[in-house]
Amino acid sequence: MEDRPLTLVARDLRKTFRRDTGEAVEALAGISLEVRKGALTALVGPDGAGKTTLLRLASGLVAPDSGSLEVVGLDVSAEPQAVQDRIGYMPQRFGLYEDLSVQENLDLYADLHGVTGARRAEIYPRLFEMTQLGRFKQRPAGKLSGGMKQKLGLACTLVRAPELLLLDEPTVGVDPLSRRELWEIVFKLIREDGLSVLVATSYLDEAERCAHAVLMHAGKILAEGPPAEITAKAEGCCFLVKGPQGLPARSLQARLFALPGIVDAVPEAGRVRVVRQPGQLDTALEIAGLSLDTEPVEPRFEDAFMMLFDSVAEERARVSHGTIVAGGSGPHGETVVEVHDLVRMFGDFTAVDHVSFSVRRGEVYGLLGPNGAGKSTTFRMLCGLLPATGGTLKVAGADLLRAGAKARARLGYVAQKFSLYGQLTVDENLEFFASAYGLRGSGKKDRIRALKNDFALENLSDLPSGQLPGGFKQRLALAAALLHEPDILFLDEATSGADPIARRQFWGRITALSEQGVTVIVTTHFMDEAEYCDRIIILDAGKNLAEGTPLEIRQQAAMSDETAPSMEEAFIAIVERERLKRTEKAA
Amino acid sequence: MTERADQTGGLAASLRRVRALIRKETRQLLRDISSITIGIVMPVTLLILFGYGINLDVKNVPVAVLMEDNSAEARGVAAAFDLSPYFSTRAVHTMNEAERMLMAADVRAIVRIPTDFARSIDLGAAEVQLIINGADANTARISLGYAQGAVGTWAAKEAARTGNAANCGIVIEPRLWFNEANDSSYFLVPGLIVLVMTLIGALLTALVMAREWERGTFEALFVTPVRSSEILLGKTVPYFLLGLVGLALCVVGSKLLFGVPLRGSLVILTVVSMLYLLVALGLGLVISSATKSQFVASQMTVLLTFLPAMMLSGFMYDPRSMPFAVQVITYVFPARYFVTLLQTLFLSGNNWSVILPNAAVLAGMAIALLTLAARLTRKRIA
Chain A
1 MEDRPLTLVA
11 RDLRKTFRRD
21 TGEAVEALAG
31 ISLEVRKGAL
41 TALVGPDGAG
51 KTTLLRLASG
61 LVAPDSGSLE
71 VVGLDVSAEP
81 QAVQDRIGYM
91 PQRFGLYEDL
101 SVQENLDLYA
111 DLHGVTGARR
121 AEIYPRLFEM
131 TQLGRFKQRP
141 AGKLSGGMKQ
151 KLGLACTLVR
161 APELLLLDEP
171 TVGVDPLSRR
181 ELWEIVFKLI
191 REDGLSVLVA
201 TSYLDEAERC
211 AHAVLMHAGK
221 ILAEGPPAEI
231 TAKAEGCCFL
241 VKGPQGLPAR
251 SLQARLFALP
261 GIVDAVPEAG
271 RVRVVRQPGQ
281 LDTALEIAGL
291 SLDTEPVEPR
301 FEDAFMMLFD
311 SVAEERARVS
321 HGTIVAGGSG
331 PHGETVVEVH
341 DLVRMFGDFT
351 AVDHVSFSVR
361 RGEVYGLLGP
371 NGAGKSTTFR
381 MLCGLLPATG
391 GTLKVAGADL
401 LRAGAKARAR
411 LGYVAQKFSL
421 YGQLTVDENL
431 EFFASAYGLR
441 GSGKKDRIRA
451 LKNDFALENL
461 SDLPSGQLPG
471 GFKQRLALAA
481 ALLHEPDILF
491 LDEATSGADP
501 IARRQFWGRI
511 TALSEQGVTV
521 IVTTHFMDEA
531 EYCDRIIILD
541 AGKNLAEGTP
551 LEIRQQAAMS
561 DETAPSMEEA
571 FIAIVERERL
581 KRTEKAA
Chain B
1 MTERADQTGG
11 LAASLRRVRA
21 LIRKETRQLL
31 RDISSITIGI
41 VMPVTLLILF
51 GYGINLDVKN
61 VPVAVLMEDN
71 SAEARGVAAA
81 FDLSPYFSTR
91 AVHTMNEAER
101 MLMAADVRAI
111 VRIPTDFARS
121 IDLGAAEVQL
131 IINGADANTA
141 RISLGYAQGA
151 VGTWAAKEAA
161 RTGNAANCGI
171 VIEPRLWFNE
181 ANDSSYFLVP
191 GLIVLVMTLI
201 GALLTALVMA
211 REWERGTFEA
221 LFVTPVRSSE
231 ILLGKTVPYF
241 LLGLVGLALC
251 VVGSKLLFGV
261 PLRGSLVILT
271 VVSMLYLLVA
281 LGLGLVISSA
291 TKSQFVASQM
301 TVLLTFLPAM
311 MLSGFMYDPR
321 SMPFAVQVIT
331 YVFPARYFVT
341 LLQTLFLSGN
351 NWSVILPNAA
361 VLAGMAIALL
371 TLAARLTRKR
381 IA
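The listed protein sequences derive, respectively, from chains A and B. full-length UniProt numbering puts the first residue of the first sequence at 1, with every later residue one more than the last. full-length UniProt numbering puts the first residue of the second sequence at 1, with every later residue one more than the last.
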């Protein structure tokens, strides 16, 4: 690795942007970096760390304020076009032309890159084989699933071998199976063709597989090196903690996370994985006077990542438990969502195929599945936005499609896309939604004040919500959904695109809500988030493949070999096993 | 390395990229219902609307004819009104009755032939009183002209008959140049070309450029060997061609549906239309690169190009009848020059003293705007 030649050299790069409000934001505060040829280098860090800006600078789309940047041996500021002639760049939203077919999009990029004749005949079959898009050549790009769109975007940048490939969060909003397939393509090209890749990601397991990881924070480099070297920094600090009987893993996690000396805590197979500050290892872990069983475990890259960020984070966002007031006054254990034999057809396509499940009050229930599994369709039927073709469903005792506003007022909904008004300020959005839910007078004022306090939004009252940083947008969306103190909360990929730190904060709030008896139903592409759920259901092609607690799902997927699968491995194994069965049956 | 240079530099590579972009743009154009609507459906609708629907002509104006004199001469004048296609007459017997009808808006004017009409002719001081409802000043003025025409025609006939031209009370010479049929579609339909060109050139181009910025499709496109000039060329060529289709539709439509003559040369018409189209494309590109949002771009385009083309170009209202300050402003907008060219070419002919200066102004504007667009469109984001 060390002897490989360099493909990107940055020296003291600086870039400051000005927001619409006039506020200056320092995106890059003096970055010096070297990227080597023929390997994968990953940029990791929370939102606003400067990852995207750095990639845009490297691709000549944005000019630096100061510093020097050399890409494939050329000065980007002086010769942006020469650099663009030779590199490949896949932006966060790869701009596919949605009204053009898969083939037409690919042809356009082949023409622009000067790939013609024999070279095109050689590369096309390879690209179609790798991306498995061969069957969809004539399909408009707008009608592809999220994962397929990303694969097509990647194929477009790979029509000719770039000297350096820049990928900006290529797997955001992509399901675990497509994510794995996408990385297989990249690794194959690194292995076989010696491709050089610089990727920005907030998936830490992706960073773990790279040759060189660069941790960024607030426009600076916090640490860099081979992932194993970085991971070693958390050596001896990681433990699995078992809580008292009956306490959900997420509740234990939330309490541990709030303790001093704890760097990180995440639920894992019914237990909680904690990372402790190296200086605090001698004190026993206890909550509410109860000492806890701990078992040392090997560190992961994510543990070290959290440890490094713990040292620089100004505000360690800890959710105070018991302050978020919400509804859910009923006794735990009562069934509040009941789905029986649910079917939904679109023409002769079955989107949801005889799915049944039930959710009890105060439970956190996860709907998992690849793109196109029927999660969103199920969600829309539960919320009363779409009629079912067959079967019954009851939410809070009523079918929301037929029930009036009263039953609907009992649920809150956070959509996948930020669905608040971008031009309105934080306060104006909350005011509007409070009025829409029928809140009035001092009740409304008090409720808005309480939520702004709980979600740490007080200082941002007058900022247009479209200009909020990513994590704050999610907080505002959740706050708006909680204005009317709903009993049931629907979260549709609410954490898509959020960084690891923002996701922990988000889940801290969900845990607090469920402890007050709010029922939460979530969909997510982050398999580690499934660990926060009491129970999960895995759907594929509209069918129920598995249901149970996270631990049960892992056990179901476990093969004869000893190693316990991670949630993600379990998910992929279950989906693939069922898909194989189906194709066998069909044959 | 030579192979690399071969792929990206050089004219052949550049042409291949432009061709790829034109192909992509054309596909999007053909698949996007809104582009087709603006490019084809809109011109045809406007043609029909302006050709048949909007009529600035004055015809069948109801008039009350009060005959206080019953001489042959008086009846001759009344008959002149009767026979005119511009009036529909109603005979009345008292002035009171006529005034009542005027008040009730049953008629727009009163033609009063006084008792001494025949006698006055012999004295050379014949009078016909015309009372017109002046609420609609435009129609009133035109009606007056027609009335004078009707009387004048009769007077001329009378003079020819009696061989005494001197004794006619009023001598008017009604002459409407260029529009002898006095049909407003003659000047509305050619003027339509300016609207169609503006819509296709400026609005459609501004929209499709802003769409690329909005959807983030430029970000990936920029990091390829494509040059910004090639992107501009790839955008303009398809819309330039679509503009020419719109031109053809308008010319053929005005000829076939409304019989508008084309007195100038078709070649010159095509050349000046191309010049205006380039100006419109330049404006659309400049606007979209300045705003990068479809909504703002469409608002600005309508405000800066479409409305001036409609109101200030001479298409609907003659700039010479506008206040001086507004007249000066009309010269800022390219549509003014194009409408002058169109009206000259359609109704007058190859009048070089009009064509050359106006075409020169358009050419200058086209060069300036396209240069500005090229400057503004750089491969940079944010």
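These are computed hints drawn from the structure, not numbers from a lab. Worth double-checking, as some hints may not be accurate.
Estimated spans, in silico, between C-beta atoms of each pair [said to hold, decoys possible]:
no., chain 1, residue 1, chain 2, residue 2, range
1, B, Met322, A, Ser145, 52 to 60 Å
2, B, Val296, A, Gln555, 39 to 47 Å
3, B, Leu256, A, Arg119, 37 to 45 Å
4, A, Arg119, B, Val296, 17 to 25 Å
5, B, Ile36, A, Ser145, 38 to 46 Å
6, B, Thr45, A, Lys137, 51 to 59 Å
7, A, Leu6, B, Arg380, 23 to 31 Å
8, A, Gln467, B, Ile36, 34 to 42 Å
9, B, Val296, A, Ala398, 40 to 48 Å
10, A, Asp65, B, Thr45, 48 to 56 Å
11, A, Gln467, B, Asn350, 38 to 46 Å
12, B, Val296, A, Asn453, 53 to 61 Å
Predicted, not measured: the structure shown is a model, and the values here were computed from it. Idealized CB from N, CA, C, for every residue including glycine.
Original post:
Going back to the hint list, which numbers does this structure go against?
Top reply: Hints 2, 3, 4, 5, 6, 11 and 12 not satisfied by this model.
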